[in-house]
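S.K.: Residue numbers (our numbering), protein chains in the order written: chain A, 510 to 900; chain B, 510 to 900; chain C, 510 to 900; chain D, 510 to 900.
Each statement offered as a hint is correct.
Which copy? The list can't say, so a pair holds if one copy fits it or any two copies do.
Listed below are the simulated DSS-like cross-link pairs for lysine-lysine, each with C-alpha atoms no more than 30 Å apart in a straight line:
#1 K898 with K533
#2 K738 with K750
#3 K898 with K523
#4 K628 with K682
#5 K794 with K895
#6 K738 with K623
#7 K628 with K533
#8 K895 with K750
Don't read these hints as lab results, they were simulated from the structure.
Please read all numbers here as calculations on a predicted model, not as lab measurements.
Number of protein chains: 4
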Amino acid sequence: MIDFEPTAEQQELKARVESFVRDKVIPFESDPRRTAHGPTDDLRDELVALAKAEGLLSPHVSEGWGGMGAGHMTKAVMFEASGYSMLGPITMNIAAPDEGNMHLLDEVATEAQKERYLKPLAAGEARSVFLMTEPSPGAGSDPGAMLTEARPDGNGWTISGRKWLITGAEGAKIGIVMARTFDEAGEDIGASMFMTPLPAEGLRVSRVLDTMDSSFTGGHAEVELDGLKVDGDAVLGEVGKGFRYAQVRLAPARLTHCMRWLGAAQRAHDIACGYARERESFGTKLIDHEGVGFMLADNEMDIHMSRLAVWHCAWVLDQGERGGRESSMAKVICSEALYRVADRCLQVLGGMGMTRDTEVERIFRELRGFRIYDGPSEVHRWSLAKQIKRR
Amino acid sequence: MIDFEPTAEQQELKARVESFVRDKVIPFESDPRRTAHGPTDDLRDELVALAKAEGLLSPHVSEGWGGMGAGHMTKAVMFEASGYSMLGPITMNIAAPDEGNMHLLDEVATEAQKERYLKPLAAGEARSVFLMTEPSPGAGSDPGAMLTEARPDGNGWTISGRKWLITGAEGAKIGIVMARTFDEAGEDIGASMFMTPLPAEGLRVSRVLDTMDSSFTGGHAEVELDGLKVDGDAVLGEVGKGFRYAQVRLAPARLTHCMRWLGAAQRAHDIACGYARERESFGTKLIDHEGVGFMLADNEMDIHMSRLAVWHCAWVLDQGERGGRESSMAKVICSEALYRVADRCLQVLGGMGMTRDTEVERIFRELRGFRIYDGPSEVHRWSLAKQIKRR
Amino acid sequence: MIDFEPTAEQQELKARVESFVRDKVIPFESDPRRTAHGPTDDLRDELVALAKAEGLLSPHVSEGWGGMGAGHMTKAVMFEASGYSMLGPITMNIAAPDEGNMHLLDEVATEAQKERYLKPLAAGEARSVFLMTEPSPGAGSDPGAMLTEARPDGNGWTISGRKWLITGAEGAKIGIVMARTFDEAGEDIGASMFMTPLPAEGLRVSRVLDTMDSSFTGGHAEVELDGLKVDGDAVLGEVGKGFRYAQVRLAPARLTHCMRWLGAAQRAHDIACGYARERESFGTKLIDHEGVGFMLADNEMDIHMSRLAVWHCAWVLDQGERGGRESSMAKVICSEALYRVADRCLQVLGGMGMTRDTEVERIFRELRGFRIYDGPSEVHRWSLAKQIKRR
Amino acid sequence: MIDFEPTAEQQELKARVESFVRDKVIPFESDPRRTAHGPTDDLRDELVALAKAEGLLSPHVSEGWGGMGAGHMTKAVMFEASGYSMLGPITMNIAAPDEGNMHLLDEVATEAQKERYLKPLAAGEARSVFLMTEPSPGAGSDPGAMLTEARPDGNGWTISGRKWLITGAEGAKIGIVMARTFDEAGEDIGASMFMTPLPAEGLRVSRVLDTMDSSFTGGHAEVELDGLKVDGDAVLGEVGKGFRYAQVRLAPARLTHCMRWLGAAQRAHDIACGYARERESFGTKLIDHEGVGFMLADNEMDIHMSRLAVWHCAWVLDQGERGGRESSMAKVICSEALYRVADRCLQVLGGMGMTRDTEVERIFRELRGFRIYDGPSEVHRWSLAKQIKRR
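This is chain A alone, in the form it adopts within the complex (with noise of 0.2 Å):
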């Protein structure tokens, strides 16, 4: 039966959230220790301890691992609540890509790896990096182009290519490398997952990318590979099998991503209507000219709509499904929404929008970011469109 209300645990978390937020992590952000690649690790660190303290770390991850075990609409309002501070994710462990790796393990990984690698991530003590996009022409959006390899050493294997645009590399103690696998007679297996620690012999960070957005704590990187050594049990759940498991992760991860941004959205906007609400232009305030307030009522409706299609995709996910197409489109109606959002904003804070005085300027380049990140929208509609032509 059709219900839009959140069950009353998911609306008490909610505003637990909430105040969490407005109270202990909005005051960080004019912490100068958010730089051009991120808050420090330094920061990260301190934020973290406060979410411990208050109880809401990882809560995506199962309880056995140190969560709350989360289904996807209570992370659907958690998320978009923590999401309201870009410094929010990160406290509460929940920021891409350790968020998704986390969701990874605790599906896929056997005990020895969860205790290994899953249990430090989700008690915050380290950050894991996901070794998937190469440079061209290896896998960008495509990953069946892929040209890391693995090849088999002795009882366990030998990777070798180049990563790039690699989140929170720098600092990361956990990685999983996708590498396409040969076997003993450099037969092709398909792409597998191997899982690391870091830092490793053959593994470099050959850069930190200076980019647009600034809100992963270790920026963006490159990586090389050369030589990197693993064990035989690294292999993330079975040989060959890493689209499957990317796919096990890429899906909840994009909706993830959906469920913050909506959060840092209503953010901008809260700020762009307070400023609307104040300022003075032409003889009467901002928001009493159409030109202000038809931007305001078209966030609003921006905001309403990413939100129904975070939550239904949320739900589909929770019965069990795959979701490849609810969340397709729930990647792009919100990815392009918020961002119209955040353009709005940034536009109706004028000179203002520009400088760092508010957040609305680096949730703009952020956004600008998520029309590309796990998938631009081209893509999505590509697929999308496939999916008609085959019905």
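Mind docking chains B, C and D on chain A? Use the hints.
M.R.: Just chains B, C and D now, with coordinates in the frame of chain A:
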């Protein structure tokens, strides 16, 4: 608890309407009695008889007055399914303005008024008009500018003025007239609604307008009120509360528009998808051109979002709330998104899209009106902005 | 040297057309002979006589054949002024498809063909059709898919096939048929164009289509070619070069569409501005609502840009260049920008916009077709992208 | 007579600037002296020396004062070519705000003022600031709200107030201060402009703002005026006519913005085209995906339109007209169209687009500011609507 699954009963009703529309209604789409001023009353009567036979007539009316007493969510699924043919809502007696008028009577009328007006309406034996809009300088989007006047006359009232864009006037048997009301002392005591049987002396359909849309029986007309006399019991509800009742009618009426148009847009999309899968151009199926596939993907997202917005608002109304904000948002979101859908479908069909050889051309024209009827987007944005200001 | 001022002669011609259209043509806009399939031939003849009397008939035709030999820039100013009424181009004999057909004959036909076909066309005594487009699976946007065939027959040809969306077929006296041509050996030797007087045995207008637009005399028809016989001298230019001549016709024809629609959009804009200055809503003139004022400002920018794009392309053509890229850009820019103008005007007019009480409703419907006729936007974007690739 | 061909001299200047920018300026784009607050003065000086050596410094200044006396159309071609590198305008001393300040001095200043201020500016030996914008509740988009005050003090003036978003303040040697002026009697006699050498007692750069854009030397700063003393001959033009002079400066300054950004957008487009021709995805070059090809086609149309709008407005200004309406239209058209270009380029580049590995990321950030600086789009639309109303 968040749930996106309609009840079993709702799903069964949806399925019944879907097969009814496909099997019984769509064959009438090539009927020449679909004129530039809408389907003739003759065609309407034939269609209504079909719905009556199927037990699908007037589902929105209270059970006591001949309907199913369907709540807003139940209407959401049934009306969308009905709208899949532009003839569906007329067939099931849930087209504007009758559907909203019945809803209004159901909520506000006395038993005697219901017996006299609601009963034949619900039975599909009569059509009705809602006489509110006036030509310039009267009440257009701004009801406050109303010029039509009702003045005391014996134990009744005499009404004079001009109405315009009155949907279904030609052939209607029942009228609801909105007029600025004056007391014996000549004091303006607010707007009131008056019931009148039709035809009536003092009320003349002076002209049926040629309009872009052509799906409302009776078309849209100009009506002259020149001393229309009504009894004291003709007042709907209380004297002077006309705008309040207009609100009772408008928010749900706005939403049922969204429901019906949603079905129409889905129809256009299905036609465009079918065409794109078959038609070849430049050596490949149309759907394999990204330029076309992306448009169809956007359609699916716009339809998805519109459906979520409708369901959400229906749920709000079912909770007993006024839903002013939610219905304004749903109206703007749906009218603009579904219009984009129709526009893209027409473009995908190319030259064929401009012809009446498919229903897309008609759906496009009707949806253009949807962005204006029941409040242009601009009025809703303005109203949303005012709410943001006050918050 | 960059100059944006038309010559004195061009300005004088523009002024003449403007006053002619306002004084003589616009009064006919309420003529009931404007049917759903275009103005009747009777109305057309009456209008053409007016232009002849005014010395404004067929200005684009060579002076030797009854016109003024107007260059592209001169056409730009005259055709825009003519398009200010949807009846203007018909009146001045510069409407599609006749205008383009005359241009083609002027460029390619033999003296004898000109005497036989161009002369009566230029004098406004006959209308013509261009039979290229075919129903699926034939030549739609992709002329390469043409299925109509011409085969040798004595010293002439016999042509069979089906054409579709043939503008002005009903009542036309001259036809230009495009057909895939075969030699005696049955070898495909390319497409050719054939002239034929009409009516003709073997060519049948099987149906006039109902379409959204309604401004072309004769409407758009389906035509059956079943053994149409033409003489050897019926070939326009050389056998097998039909596509080359189609290009000669298409680039300028595309641009004259832009010129005429520009005038129509200007008309819609003037109507909307007039309405917005007069109509009050919520206590103030519509134009004082930024929501309306901004739409009108956007109209002015879209009209400004369209005019610049037309002028630029006309200048390129006047330099003797093919202008394929420029005319594709002008077609997409103008069709989309001018459509937006019409759409905004309709929205500004509100309910009035949906009625035929102003010309805006009609202009909107016609402009919707403009985004498809003479190559949908998608085909032009595709062609522009191919040029970018090659560069 | 309409002509779209620049003069031979203009074409030669364009070619000279193009090769200068490519050969001499672009190599500096990887210089680490490009900071978050713009290129350092050190880097600027090095670049300016290059332009001086090439004879391409300050072409817009009168010949008598060290420039070429380039008219608006000549500026159009030179500035666009210069903008092809974000460092080009700084190199050629035609960046904001210096370019507009020199233009203002050239038009309004006394010979003595020109000798003292224009000469070193034109020689590239000094940078200048235009102190107009104020923090809330002062003069933002609405100059009428100005709060800074100048009061008589001996034979000069004392100025106090706060300025904000003052471009290039850090390191500037010359200031133009806009202030509301009072006479001896304390009467407000209108706004005036005052020249001042910098640094100066009573004028303090209190903070350089962190902003999204980063291409202006000195960045954007907050400036405190606390009893700044200027002599009587410091007044630019006449007392009380400050807004009139602001207009002298603003329309052309607005247009030169368009010229420079046009070059920048062209650069972004060229980068995106190059990438799309090389990068493969899903088995084919990016450019062969219509989803990408259409974006690039749209870029070409947006660039084409922007160039035509710039040329048209430059021509209007060269005719000696004020060009208020034309420059407003050009500002809105260019800022929005060129921003769309940058946005599409970034999207085509995917993850790479978010990095500083190409200039696109920077161009995107700068162009976002362009939609706000020198009047946000909304203020120009508002002004255009007012003109429509009056017409």
